[in-house]
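As you go down the protein sequences, you meet chains H and G in turn.
With the first letter of the first sequence counted as 1, position 386 gets the number 386 in this note's numbering; the numbers rise by one all the way through.
For this note's numbering, count along the second sequence from 1 and bump the result up by 492.
These are computed hints drawn from the structure, not numbers from a lab.
There could be a bad hint or two in this list.
[As the list claims (entries may be wrong)] Label-pair ranges, simulated between beta-carbon atoms:
id, chain 1, residue 1, chain 2, residue 2, range
1, H, Leu492, G, Gly861, 52 to 62 Å
2, G, His891, H, Gly180, 26 to 36 Å
3, G, Glu502, H, Pro116, 33 to 43 Å
4, G, Glu502, H, Ala313, 40 to 50 Å
5, H, Pro58, G, Glu540, 55 to 65 Å
6, G, Arg810, H, Ala313, 27 to 37 Å
7, H, Ala107, G, Glu505, 22 to 32 Å
8, G, Asp683, H, Asp60, 46 to 56 Å
[Claimed, not checked] A few chain G residues facing chain H, derived, Cβ under 7 Å:
id, residue
9, Leu518
10, Asp550
11, Leu555
12, Thr556
13, Leu582
14, Val637
15, Val736
16, Tyr867
17, His870
18, Ala892
19, Gly893
20, Arg897
21, Thr898
22, Glu900
23, Asp901
24, Gly903
[To be verified] Computed far set for chain H versus chain G, every beta-carbon distance over 12 Å:
id, residue
25, Glu65
26, Glu213
27, Ala313
28, Thr320
29, Ala357
30, Glu372
31, Ala378
For glycine and all other residues, C-beta sits at the position ideal for the given N, C-alpha and C.
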Amino acid sequence: MSQERHERADDGSSDEGTSAATGREAPHQQARWYAGDRYEPLSSEKGTETVSVTSSLPDDLTRDELELPDLAEPEVTRHYTRLSQMNYGIDSGPIPLGSCTMKYNPAFTEDVAAHPGNRVHPLRDDDDKQGILHLLYELQETLGAIGGMDAVTLQPPAGAAGEFTGIQVAKAYHEAHGEGSRNEVIVPESAHGTNFASAAMAGYDVVELPSDEDGRVEVEALEAAAGDDTALLMLTNPNTLGLFERSIEEIAEIVHEAGGLLYYDGANLNSLLGKARPGDMGFDIMHFNLHKTFATPHGGGGPGQGPIGVGAALAPYLPTPQVREADGDYETYEPEHSIGRVHEFVGNWLVLVKAYAYILRHGDEGLERVSETAVLNANYLASRIEYEVPYGPFHHEFVASADEDAADVAKAMLDHGVHPPTTKWPEIVDEALMTEPTETESKRRLDDLAAAFDAVAAMDPERLAETPTETTARRIDQAAAARTPRLSWQDL
Amino acid sequence: MPYVTHSEAERSEMLDAVGVADPDDLFDIPDSVRFDDDYGIEAHSERETRAAVGDILDESADLTEFLGGGHYDHYVPSVVDQLSLRGEFLTSYTQYQPEIAQGFLQALFEFQSLVVELTGLGVANCSMYDRATALGEAALLADRVRATDGDRVLVPDDLPDRVRSVLDNYTDGPDIAVDTYPTSGGTVDVDGLADRIDGTTSMVYAATPNARGVLETELDAVGDLAEDHDALFCVGSDAVALSVLEPPAAYGADVVVGDASVLGLPTTYGMGLGLFACREEFLRQVPGRLVGAGEDGADNRAYTLTLQTREQHIRRERATSNICTNQAWLALRAAIHATWLGPDGLVDLAEECVTGIADACERIDALDGFEAPVYDGHHFREALVETDAPADVVDHCRHAGIALRTVEDGGEERLAVCVTDTNRDRVDDLIDALDGYGGGA
């Protein structure tokens, strides 16, 4: 069936109507990312103008000229509208990227972000920005309750920035307790690459921890690794294979016995809402990915926001400023042993507002339903596809193993109008297809995804390498682009 | 239940397919760490949520701001919202599948091109968090590319504490020392810098406009000093100022960092977009994401994230940075804003940042009890004002609906004033308020 579909596409006809793969109208036919010309000229190709720069400043301070695109508003609008049509977002269809947690972003949060009360300068006096401080305080408290943490800082502007902040806090804690010689951070091999990079950025040696046969932390290996040098163990739970680390209490005990701290990577927190809290599992520090767990738009790669929560012993080391309530008002203060700042102000304010609105909208029951549905959807999709799915039982995501090159599978899935899973990672699984459908996908979309997986599995492997054919651009030779980097229109 | 679309029948069918009676049975969590309590969060309808969040936000005072200090407000044309809020942009993810992300990749490529034109440097990344973290990344870049004996970064003594604190955290891991060099008369003291710089210096940083709002005039001498000592020369600026200022590459900058959110982003409590550009020889050491042009299988031009072997998801602890989620959507907004303004519009906007503060200073200076600006030289958006009791002036103006701030400047407490296109028509109110204070004193 899928071959017939490709032959039609190869004729250059656009196959309107039903998808041969699913027998139903396919999502991409609404998105039409492949429609029309395959290339939109750069705004510079449409016309740059070089202007002589005249200013009241002296000549030796100023440039002679400036060359930039010069388009009237109608052409600016058409240019970026066309670019948007050449792009796929969660509003276009599912994005089941494992560990990225791309769920539908509620439309109303943009109205919350557009409220004029957000337009406040960060250097106002506390008295003059009570609304901002009040919301910061409420969100701090709410995240503390969700994470089972005693104190929260909202400052880090991304998840990885939260990791870095958490590690700096841990380092300050160890130093204050005469344990500054601890120079190692232990990270499981299946962990997010940011864990390794953040630990290295903070000056730590990274010790990689192998997984055991069932895809979880190998407890014996942890016992061997943990010791006087251990500053931190960074753990994602459920891990990137979608598996809950059932030995978490034993793991926490080993790390704490060794004098280390336990760090929770919150990337997968959406599968625990209402069900379990990192603080109750023994984690000392955690970060939240507000843009994942609480569905704020990722905007092509960000902004996100990565608050961290800590236990009481670590609260004095949190970044400054923090917000507290005092006689019904809100004020900022500097924690006693604060590490200082990790962002000039408080990261991506609008993401904080949207996340807070998302949490209020859901309430306790809604949040629990989020994780229940995320987990149901992942397990349902895992049960429906023909590729081998090792390990289990799953939480919010699963990792299938492709019979062929996972990158090829991903490209072929694009022709079925769906965004493919994360590929080739974690490396524990051969040709990994790491899939996280999230709770906002309907059964119908999950069936579409399953049909796309199965149609690709049934394809002649040689044809896979020719895909995609129905997208705006055909397959791009990324290695060639890296060999001769052209990074601006000035290079073209 | 919002945003979950299963009907009860579908839900049952799915539960049957996975072989459980209740979704809760799918949670593989030991009882000992199960959460059996409530968070205590009440659910709200969409209308109620909007009202509740709006009510909280409305608790802030309604003031006309003349604040600045690292967060600047320029008028953002409607077209920026209209276009950037299109769902295909707003709700998209990192461009791991470039064949369905050509639109965003091209917009990021346009942003990089804008930064290359403004800085004169060959390479620009696409979207750091803010100016402070961009400076932190520059110090880490210098540490990687400059094999000096002992690593020492030099920053001016007027670097705001907020920025310095971020830099201190970034330089803590590799044990880079951060030292200051003096300023005098409101600008870099070149002789003072010459006394501080030595063979252990990996980077020298200077900003224009600087923290006092003054445009530096001797950056070529700073660049020469850095070059003589094999230190990187890092210039701080912003996307609007660079539209009229000499491109930093022309006076020897190796790296430019700063603020790009002056395009495309209104005042939003310090949310930012960092600027980062450097010379091509450091290409493989650049932090964050880069978009490159290439060709697709049909020989059409196509864009892709490139040189990813520098990144955390491939190089892990050997990556050039830990950056993953970044500020891509804000880079899109900056690109749209810059394209809408065009070169003439950008130059006009920058010129307004020069004349607006100059005019305001002239009027403030004419008032009894105020001298403005404190420092000679050309100002951009901001200036310091001398007056006897600046904190009292701030208090007085606040009651007139005007937000000002004080800064500590070389041991003196001074008033700071920031004027841009969005508050220039309120300068009359500022003058009235200041005049009222003087009259009452």
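To see whether the hints hold, each was checked on the structure:
1. H:Leu492 x G:Gly861: 52 to 62 Å: holds, 57 Å
2. G:His891 x H:Gly180: 26 to 36 Å: violated, 49 Å
3. G:Glu502 x H:Pro116: 33 to 43 Å: Holds, at about 41 Å.
4. G:Glu502 x H:Ala313: 40 to 50 Å: About 47 Å separates the Cβ atoms of Glu502 of chain G and Ala313 of chain H, which means 40 to 50 Å holds.
5. H:Pro58 x G:Glu540: 55 to 65 Å: Hint holds: Cβ distance 58 Å, inside 55 to 65 Å.
6. G:Arg810 x H:Ala313: 27 to 37 Å: Given about 32 Å between the Cβ atoms, the range holds.
7. H:Ala107 x G:Glu505: 22 to 32 Å: holds, 28 Å
8. G:Asp683 x H:Asp60: 46 to 56 Å: The hint (46 to 56 Å, Cβ to Cβ) is violated, given that Asp683 of chain G and Asp60 of chain H are roughly 20 Å apart.
9. Leu518: Since chain H brings a Cβ to about 5 Å from Leu518 of chain G, closer than 7 Å, the hint holds.
10. Asp550: holds, 5 Å
11. Leu555: holds, 6 Å
12. Thr556: violated, 10 Å
13. Leu582: holds, 5 Å
14. Val637: violated, 16 Å
15. Val736: holds, 5 Å
16. Tyr867: violated, 15 Å
17. His870: Result: holds, 6 Å to nearest chain H Cβ.
18. Ala892: Cβ of Ala892 of chain G sits 13 Å from chain H, so the hint is violated.
19. Gly893: violated, 10 Å
20. Arg897: Status holds, d = 5 Å.
21. Thr898: Check failed: Cβ of Thr898 of chain G comes no nearer than 10 Å to chain H, outside 7 Å.
22. Glu900: violated, 13 Å
23. Asp901: Status violated, d = 15 Å.
24. Gly903: violated, 21 Å
25. Glu65: About 8 Å separates Glu65 of chain H from the closest Cβ of chain G, which leaves it inside 12 Å; violated.
26. Glu213: The claim holds: Glu213 of chain H sits with its nearest Cβ about 16 Å from chain G, beyond 12 Å.
27. Ala313: holds, 20 Å
28. Thr320: violated, 8 Å
29. Ala357: violated, 5 Å
30. Glu372: Incorrect as stated: the minimum Cβ-Cβ distance to chain G is 4 Å, not above 12 Å.
31. Ala378: violated, 9 Å
When held up to the earlier numbered hints, the structure conflicts with 2, 8, 12, 14, 16, 18, 19, 21, 22, 23, 24, 25, 28, 29, 30 and 31 and fits the remainder.
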